[in-house]
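Just so you know, the sequences run in chain order D and G.
Each residue of the first sequence is one higher than the one before, counting from 1 in this note's numbering.
Each residue of the second sequence is one higher than the one before, counting from 1 in this note's numbering.
In case anyone wonders, no lab produced these hints; they're calculated from the structure.
Fair warning: there could be bad hints in the mix.
Claimed, not checked - Output of the computed footprint for chain G on chain D, the stretches with three or more beta carbons under 8 Å from beta carbons of chain G:
#: 1; segment: 88–96
#: 2; segment: 129–135
#: 3; segment: 274–283
What the hints assert, rightly or not - Computed, partial: chain D to chain G, Cβ under 7 Å:
#: 4; residue: Leu27
#: 5; residue: Ala31
#: 6; residue: Tyr46
#: 7; residue: Arg234
#: 8; residue: Met256
#: 9; residue: Ser264
Yeah, the Cβ is synthetic: ideal placement off N, Cα and C, and Gly gets one too.
There are 2 protein chains.
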Amino acid sequence: MFQPDLPQGTAEGTISLLFGHPDPSTLLTPAMRDALNSAMNSPQFYGAFQYGPEQGTRALIKYLVDKLNREQQLGVQTENVMITAGSTGALDMVTRLFAPPNSIVLVEAPSYADSLHVLRDHHVRLRGIPMDDQGLIVTELERILAELNVANDLPIMLYTIPNYHNPTGITLAESRRVEILNLADRYGFLIVEDDVYHDLGFESTVPSSFYALADGKSVLSIGSFSKTFAPGLRVGWLVADKNIIDQCVNCGVLQMGGGSNPFSAQVIAEFCSKGYLEPHIETLRAIYKQRCEAALTALSRYMPSDVRWTHPRGGFFLWLTLPPTVLASEVKRVANERGLNFALGEGFFIDPADGRHNLRIAFSFAALPDLERGLELLAQVIETVRRHT
Amino acid sequence: MFQPDLPQGTAEGTISLLFGHPDPSTLLTPAMRDALNSAMNSPQFYGAFQYGPEQGTRALIKYLVDKLNREQQLGVQTENVMITAGSTGALDMVTRLFAPPNSIVLVEAPSYADSLHVLRDHHVRLRGIPMDDQGLIVTELERILAELNVANDLPIMLYTIPNYHNPTGITLAESRRVEILNLADRYGFLIVEDDVYHDLGFESTVPSSFYALADGKSVLSIGSFSKTFAPGLRVGWLVADKNIIDQCVNCGVLQMGGGSNPFSAQVIAEFCSKGYLEPHIETLRAIYKQRCEAALTALSRYMPSDVRWTHPRGGFFLWLTLPPTVLASEVKRVANERGLNFALGEGFFIDPADGRHNLRIAFSFAALPDLERGLELLAQVIETVRRHT
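Using the sequences provided together with the hints, build the complete structure.
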C-alpha cells in the first residue's frame, strides 16, 4: 500500500477509494498515546532499544497465544507464534524460505496485487485459481492440480486470503477450506493463509481458519496489527508448526537483525496488555460495517443494472464487475478527471487482461459522505464511458 | 545479532565478548527520551502511524542527504537515499532484487556470518576473497575474476565491509578501493558496501567510501542507526544511483508495506533534527576507542607470543589468530566452562575449516573491567588448551 499521493492528472480534492488504509480517525487515538507513555515508563522499554529475540518480543507473543486460543479455540503455544515486520515481512520471509526459485505458488485469481509482487520478486511461478462468490473454486483447483501432477510439476504452496479477501471482499466458505486442506494433504503443498482482516468481520462469527481446521499441520497463518492498531509500526505475526517457526526464527534476516522490530512490538504489547485492543477492534468493526453498508446502499441506488458487485462480510474492499463493453481503465481515466480514484482490477490478476472490466473500491479510508458521493460519481462515469464506447 | 542468552554449558556471570551489541549505557539515554517525547508531540507523528512513503520518512532522508554531503563531500540528492529496515533490510532487499538465484556474490574471507546467511537464503553462490591487514587482497580478487571470466561465470556483486570490518576490525586501504572499483568496472559487477561502522572510527579521518570514489556509479552503500542510535528500532539506509533506488522503492515488500518503519524513523528523525546525533556519536567514539585500547593493552600483556591479533581503527571487533596447534573450538569450550564467551572464527568463512584457529572478540558490549579480565582469562585458556593438545 502506498502514500496517498494523487496520481498525475487527478483533480484537487479527489475522493480516494484507492488504498486499503485504515480510517484516519482510528490512528493515534488517546488509548494509543496512553500505551506509548506507559511503554516509555515501563522497565521493559530498555529492551526495546537493544537487539531483540529473533522470534519477537515475548510479551506480544504471549498476548497473541492467549488471543488465538481464546478466540479461535486453538491450542497454540509460544513455540507456534512469531512476530514479523507486518504481514509483508511474514509473506516475504515465508516465500524466501519455503518457495525456492522457479517453484509454483498458487494464488486466487484475483489476488492482492502487492502480494503477487512480493512473490514475483522471489522468482517463483504464479498460477491463478478462479474464484466465485464463495471464494476459490475447489473444482478448478483440483483440475489444475491434476494437470500439474501429470506434468510432474506440483506447487510448493497456495497463498490465500480466506476472509474478506483483497481485492474482492469475498469470504471463502468453510466447507471449501476443508476440501482445500484435503487437496493440500494429497498433493503435498503448504497453505499460506493471509488472515489480516480476521478481526474486522461485520458479523459475530468468522469461518474457522485453515490453521484451526488443519490443527496447525502444513498451514502458515499470517496476522497483522496494521489494520487493528496502525500500519506505520510494521508489526504482524506468523502462526505455524514449531518446525516451521524454528526455520523462520533461524533465517538470515532475523539472525542478523534480531527481532523484526522490538521498539514497535513493545508499544503494541503495552496497548494489548492494557486491554485497549479488544474495544478498539469493536470500534473498527462498527465503523467499517457502517461504511460497507453505506457503500452497498449507494451502489444499489446509483449503479446501472448491468454492473455487479460483491457483498463483503468484513474487511476494507468490494469489487465491481463492469459490463463487457466498458473498460475499467477508461472509467478510471474519466473518474480521475472528475475527482475520483480507485484501483483497476488489472493489477490483481497474473494476466492483467483478466481484470479489465473490474475495479476495487476501498471503503475503509474516505469519509462517509465522500464514499457515497464517490460511488454516485462512479455510476455517472460508467454511463459516460458506455455512451462513448 | 542475537539476544545475549547464555549458550548451554556456560557458567553464571559469564563475560560476553560474543555479540556486536552497543555499550548498554548508550541506549535509551535522556536525549533519546527527549526525542521520543518531542516526536510524540509533533504534528508529523500522526503520519508515523499511517503507511509511509516507500522511500522512507522524508525528514530522515533529508537529514541523511545533508549529513552525507557534509561529512563525505558527496553530491547526493533525495533521490539517492532511502530508509531501510536496518542494514539487514537493505542487504536482504539488494540481494533479492539484484542477485538472481545461482548468481555469484563475492565476499571477503572472512565476512560477517549473518550477512553470509542472508545471502545464502537467496540461493546465490558465494565466493570468498582472502584478506590481509589492509583488507581484501586485490591480486587475489583479480586472479579469481580472471578465472571466473574464463568460465564465463562472472560475479553479479561484491559484498564488502570496508571500514572496521566485521569480524576482523580491519579497514580496507583507500588505494585498494580504487583498484577494486576499476575491476568492478572492467568485469561489470556491483559493489555493495556495508558501511555500518562508518561513524565509529577512533581517528579523525576515515578512508573515502566506495560510493564517494565511484561518484555513486555501480556502488550501493548501506548505513545504519543500529550502532549510533539503537538496534531495536531497525532503521538503516541505502545510498545509490537514482535508477537503483527507484527499483528498490518499487519492490514488492515496500509496495505492500509502505516505508520500512515510519514509526521508528520518525523518532530517529526527531533525534537527529534536535542535534543530538553528532554529540552522541562523539561519545560513542570515545567509549569504543577506550575499550579497544584497553583490549589491545590486555592482549599485549597476557597473550602468548604466538597469538596474533588485529589493531582496529574503529568499530566493535578484533580478530585473533591462534597458533596452528590450538583449535578455537576447544578454546571456546574451555572458556565457556570458565565463564567467558566469544565468537568462533568458523562461522565467518564459507568453508568453516578456514577459521578453526580464529576467534572474534567484540569489545563493544562488556564493561571495561570484564573486557580486561576476559582477555586475561582467554590467554590462560589458550595455554591450557595448548598443554592438553
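Hint by hint, here is what the structure shows:
1. Chain G is given as covering the segment 88–96 of chain D, and this holds because 5 residues of the stretch bring a CB closer than 8 Å to a CB of that chain, at least three being needed.
2. Coverage of the segment 129–135 of chain D by chain G is violated. Counting CB-CB distances below 8 Å, 0 residues qualify, and the rule asks for three or more.
3. Given a C-beta distance limit of less than 8 Å, the hint that chain G covers the segment 274–283 of chain D is violated, as 0 residues qualify and 3 are needed.
4. Because the smallest distance between the Cβ of leucine 27 (chain D) and any Cβ of chain G comes to about 4 Å, under 7 Å, the interface hint for this residue holds.
5. Residue-level restraint check for alanine 31 (chain D) is violated (minimum Cβ-Cβ distance to chain G is 13 Å; threshold 7 Å).
6. Taken as an interface hint, tyrosine 46 (chain D) checks out: its beta carbon lies about 5 Å from the nearest beta carbon of chain G, inside 7 Å.
7. For arginine 234 (chain D), the suggested interface contact is upheld, since its CB lies about 5 Å from the closest CB of chain G, less than 7 Å.
8. Because the closest C-beta pair between methionine 256 (chain D) and chain G is about 4 Å apart, less than 7 Å, the hint holds.
9. Here the hint on serine 264 (chain D) is kept, as its CB sits about 6 Å from the closest CB of chain G, short of 7 Å.
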